[in-house]
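*Asks:* Sequences listed follow chains Y and S, in order. Going letter by letter, the first sequence gives residues 208 to 429 in the working numbering. Going letter by letter, the second sequence gives residues 211 to 541 in the working numbering.
Be aware that one or more of the hints could be misleading.
[Stated by the list, open to error] Derived coverage of chain S by chain Y (criterion: at least 3 residues anywhere in the stretch with Cβ under 8 Å from a Cβ of chain Y; other residues may be distant):
1. 362 to 368
2. 372 to 381
3. 419 to 427
Note that these hints are calculated values from the structure, not bench results. None of these values were measured; they are calculated from a predicted model. Ideal placement from N, C-alpha and C gives every residue a C-beta, glycine not left out.
Here is how the chains run, residue by residue.
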Amino acid sequence: MLNKKTKYLQIAFNRSFDEVREMIALLPASDKIIIEAGTPFIKRYGTRGISAIKEWWNAKIQKPGYIVADLKCMDRGLREVREVASAGASAATCLGLAPIDTINEFIKECQSSGIDSMVDMMNVEFPFEVLQKLKHLPGVVVLHRGVDENNTNKSKQLPHNQIHRIGGTYGNVLISVAGGETPRDVVRTFFNDADIAVVWRSFYESPDKTAELAKDFLKLVK
Amino acid sequence: MTDQNTKQSQKYIFIVIAVIIAFIINPILGFVAIWLLAMFSGIRKTKFNSFKSPMSFIDILKTVQNLSANQKQVQIDDEEGGVPSIDVQEQINQLLIAPTNKLLPSPITVLGFAKKLEKKKKYLHIALNSTLQEAQEIISQLPASERILIEAGTPLIKIYGASAVSEIKSMAPGAYIVADNKCADLAAREVEIMANAGASAATCLGVAPVETIDSFIEECKKFGIDSMLDMMNVDNALMVLKKLKNPPDVVMLHRGVDETEFSKEKQIPYYQIKQIKGSYDILVAVAGGDTIKEVQRAFFNDADIVVVWKNFYQPNSQTALLAKEFLKEIE
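Isolated chain Y, as found in the complex (with noise of 0.2 Å):
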């Protein structure tokens, strides 16, 4: 489980089977990264793909290590909770888009599965309004924008004044900031006071610098 009090660094990892494997290979050794199997990883290789993230870190840092199975769960998220925490994931992750009984439903499936339930909350306008409407509160709110739409249009901003607003009124929450590209974002996400920073781009974009990449993004975390 999370600590409020540490700051994470979140690495999605999106490539093929080996590639991935190299890449978690070269990263440091530190239980402050946090390994995410990324949507298109997981619909191409399922959950065997997960249990293969798992191990490999696992064998990594020497200790069982925290993996977030981005499942992005719309609809029928139970089965798949299930499938991916047995598979041996720490967390995952649903859309705060689907509606809120399904939200609901995962939240509580999570729980007693015993894994940590993330609501993602890409293209929700108020996130806030999400999390009202919830009968329990996720583990963590993941705020950010999506790959595509940040493609097409790069002048909107990270949403750090939401950061705020839900750590003020909902202090058990950890908020997760994803789509920082630079060490420069990761420094102004937790400036922002988020606990968790998620990169993938530039992991995504040259694999060969993966070691380097994290050591840098690594420093920043304290």
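Given chain Y's structure and the hints, the job is docking chain S onto it.
*Replies:* Structure of chain S alone, referenced to chain Y:
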């Protein structure tokens, strides 16, 4: 063998002459002839593939997956270094063809070959959500018809990966397979994965960012598969369609805005079907046909496709029965 070859070449010469004559008579007729020819060869190809396609091979699934992963790696190496990948390809081919001899007890259902969906035809879309084993059981009970679309459900894709799609395709060779990947972001990558696994259509969420949906539809065109837009939790489907650069091939409507597996009492927004079809020349699919009555009602209200979910607590025979009743109905 040579006899067959001469027969083949004679046929081609005949076709070429026919096309030339058609052009001489009327250029438009010529183009029509070429188009017909292309259609014909497309059908022949799927027919051929369907016979070559293997049975279920769950036991060697992992090996094949590893091999294809290796093959992809090798291909990447190829581009960089130039290592031949023939060995791996051969191994895969052998593995794919070999299990046809070890037939499973259930007879194989060769479903029709609806390569692209046609307007004005009604389709039954069966969503398989539980396990691959059960998918095999249901598929073997389904009547052979090109009016039946088979969906690899989201849980199957997330649990088995893209191999869920290729597995189901191998269970129902030649059938129209929908990969319900429910894309929310990174559309280009997901469409590529699903198309490569052999899907005839992929799905994208209507609640996803407009940029994602646009890119999804574009990528589907590029890969030659149908794009389906799932309007789950969307207030007004028409509003989403209006924002897009190009409309998708199929729009999928759900009961009520927040339909889930937990709230089944809601009504399907039938009025939206006419609204959408009035503005766009696209197919409309309606989710939630649990009984033949519901299926009839959906078609009566102008739906083109009715989606039936096969949940794992329902008996398999129920789904097969519904499919048979449906076929009787549309005859």
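*Asks:* What are the numbers of the hints that this structure violates, sorted from low to high?
*Replies:* Per hint list: zero violations.
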